[in-house]
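Enquirer: Sequence:
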Amino acid sequence: MNAGAVQDTASPMRNEEAQITDDSRPLVLAARVFVGSKVAMGALVLLLLLVFAALCAPWITPQDSYDLGQLDIMDGRLPPSSVGMSGLTYWLGTDDQGRDIFSGILHGLRISLGVGVGTALIAAIIGATLGLVAAFLGRRTDTVIMRVVDLQLSFPSVLVALMILAFLGKSVWNVVLALVIVEWAYYARTARGAAVAERRKEYIEAASCLAIPGWRILFFHLLPNCLPPLMVITTIQVARAISLEATLSFLGVGVPVTEPSLGLLIANGYQYMFSGQYWIIFFPGVALLLLIVSINLVGDRLRDILNPKGVS
1 MNAGAVQDTA SPMRNEEAQI TDDSRPLVLA ARVFVGSKVA MGALVLLLLL
51 VFAALCAPWI TPQDSYDLGQ LDIMDGRLPP SSVGMSGLTY WLGTDDQGRD
101 IFSGILHGLR ISLGVGVGTA LIAAIIGATL GLVAAFLGRR TDTVIMRVVD
151 LQLSFPSVLV ALMILAFLGK SVWNVVLALV IVEWAYYART ARGAAVAERR
201 KEYIEAASCL AIPGWRILFF HLLPNCLPPL MVITTIQVAR AISLEATLSF
251 LGVGVPVTEP SLGLLIANGY QYMFSGQYWI IFFPGVALLL LIVSINLVGD
301 RLRDILNPKG VS
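Residues in the sequence shown are numbered from 1 upward in steps of one, following the working numbering.
In short, the hints are calculated from the structure, not lab data.
For clarity, every value in this text was computed on a predicted model and none was experimentally measured.
Warning: the hint list may mix true and false statements.
[Stated by the list, open to error] Label-pair ranges, simulated between beta-carbon atoms:
1. PHE220 to TYR272: 53 to 59 Å
2. TYR272 to TRP91: 34 to 40 Å
3. ARG147 to TYR278: 44 to 50 Å
4. GLY276 to PHE167: 20 to 26 Å
5. LEU289 to VAL117: 15 to 21 Å
6. ASP64 to ARG200: 54 to 60 Å
7. GLU205 to ASP64: 46 to 52 Å
8. ILE125 to ILE212: 19 to 25 Å
9. GLN271 to PRO213: 56 to 62 Å
10. ASN225 to GLN271: 30 to 36 Å
11. GLU202 to VAL286: 38 to 44 Å
[Unchecked claim] Computed cross-link-like contacts, EDC-like style, restricted to lysine to aspartate or glutamate with a CA-CA straight-line distance of at most 16 Å:
12. LYS170 to GLU259
13. LYS38 to ASP304
14. LYS38 to GLU198
Backbone N, C-alpha and C fix where the C-beta goes; we use that ideal spot for every residue, glycine too.
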């Protein structure tokens with residue numbers, strides 16, 4: 001057999017080895033499985049578009065919804081495609097304060113996404129840390145932390161957040177604080193459940209035998225192996241935080257009127273829902289629905305991918 005034939009035979013083998021190496025990477029496999037779902041990919045594209053629109057809101061909106069000086073009460077409750085007193089075209093109409101619905105939605109997306117992501121990250125740090133500590137130390141520490149978690153989860157989230165905001169007052173940061181207080185327990189329970197299963201494995205026992213400090217075992221050995229369920233619940237809890245913030249703002253105890261979120265925009269149009277001026281509540285409601293549904297669909301797909309029993 002000549003050298004050319006040997007080279008031709010070896011080339012497909014090298015390609016196959018490279019393909020196997022590529023396929024063995026968890027992130028590559030996860031990405032390919034995720035792309036395999038058209039629904040999840042559509043939800044991801046929609047979510048990215050909404051995030052991009054929210055981030056670029058100051059540059060792509062014709063009106064700053066936070067600046068009350070730009071609002072003209074004479075332009076209040078104009079139907080879609082109307083031209084206002086200043087010559088500005090309101091493609092989605094205006095609310096009762098003369099606020100451009102399109103501008104209000106994009107600026108409201110910034111508030112809603114900021115509250116949702118900020119709440120999820122802070123609650124994840126607090127809850128995951130307490131859950132890992134409970135599983136790692138066990139005994140009384142585990143009992144105390146998990147009884148507090150059970151107590152926290154026994155109260156309705158909206159009721160607890162309402163009481164906190166009634167005491168603290170309206171503010172974006174107060175909303176984040178209230179939602180962190182009602183959401184950290186979900187992360188603690190999830191992290192504790194994953195950590196209890198991981199703590200029985202040999203690599204934790206080996207690290208303990210090597211006299212590695214407990215905090216290092218906790219955050220550098222135990223935490224990385226508990227990340228998949230935490231990533232899934234974080235995605236789901238972002239949508240839940242956005243929904244709770246919208247509920248609180250709708251009830252009048254959430255964000256102030258100078259920083260309107262989607263929930264506050266919906267509240268502004270609620271009284272006009274049956275008066276024929278549907279656009280005031282319809283378009284913000286659709287935007288909120290698309291945001292929450294897209295996040296939930298992405299989270300559901302991540303849950304299927306990270307499920308050790310396989311993708312459904």
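Enquirer: Look at each hint and say if it fits the structure.
Expert: Now for the hints, and whether the structure bears them out:
The hinted range of 53 to 59 Å is satisfied by PHE220 and TYR272, whose Cβ atoms lie roughly 56 Å apart. Under the hint 34 to 40 Å, the C-beta atoms of TYR272 and TRP91, about 18 Å apart, miss the expected range. The beta-carbon spacing between ARG147 and TYR278, approximately 49 Å, falls within the hinted interval of 44 to 50 Å. Evaluation of the 20 to 26 Å hint for GLY276 and PHE167 yields a failure: the beta carbon distance comes to about 39 Å.
Take LEU289 and VAL117: their Cβ atoms lie about 19 Å apart, and the range 15 to 21 Å holds. Look at ASP64 against ARG200: about 56 Å separates their beta carbons, and that is inside 54 to 60 Å. Between GLU205 and ASP64 the beta carbons are some 59 Å apart, a value that contradicts the proposed interval 46 to 52 Å. In this structure, ILE125 and ILE212 meet the distance hint of 19 to 25 Å, their C-beta atoms being roughly 22 Å apart.
Distance hint check for GLN271 and PRO213: the Cβ-Cβ separation is about 60 Å, which falls inside the suggested range of 56 to 62 Å. About 52 Å separates the C-beta atoms of ASN225 and GLN271, a value inconsistent with the hinted range of 30 to 36 Å. Range check, GLU202 to VAL286: about 52 Å between beta-carbon atoms, so the 38 to 44 Å window is missed. Distance hint between LYS170 and GLU259 is fulfilled; the C-alpha atoms sit about 10 Å from each other, no more than 16 Å.
Among the hinted pairs, LYS38 with ASP304 is consistent with the structure: their alpha-carbon atoms are about 14 Å apart, no more than 16 Å. Among the hinted pairs, LYS38 with GLU198 is inconsistent with the structure: their alpha-carbon atoms are about 34 Å apart, more than 16 Å.
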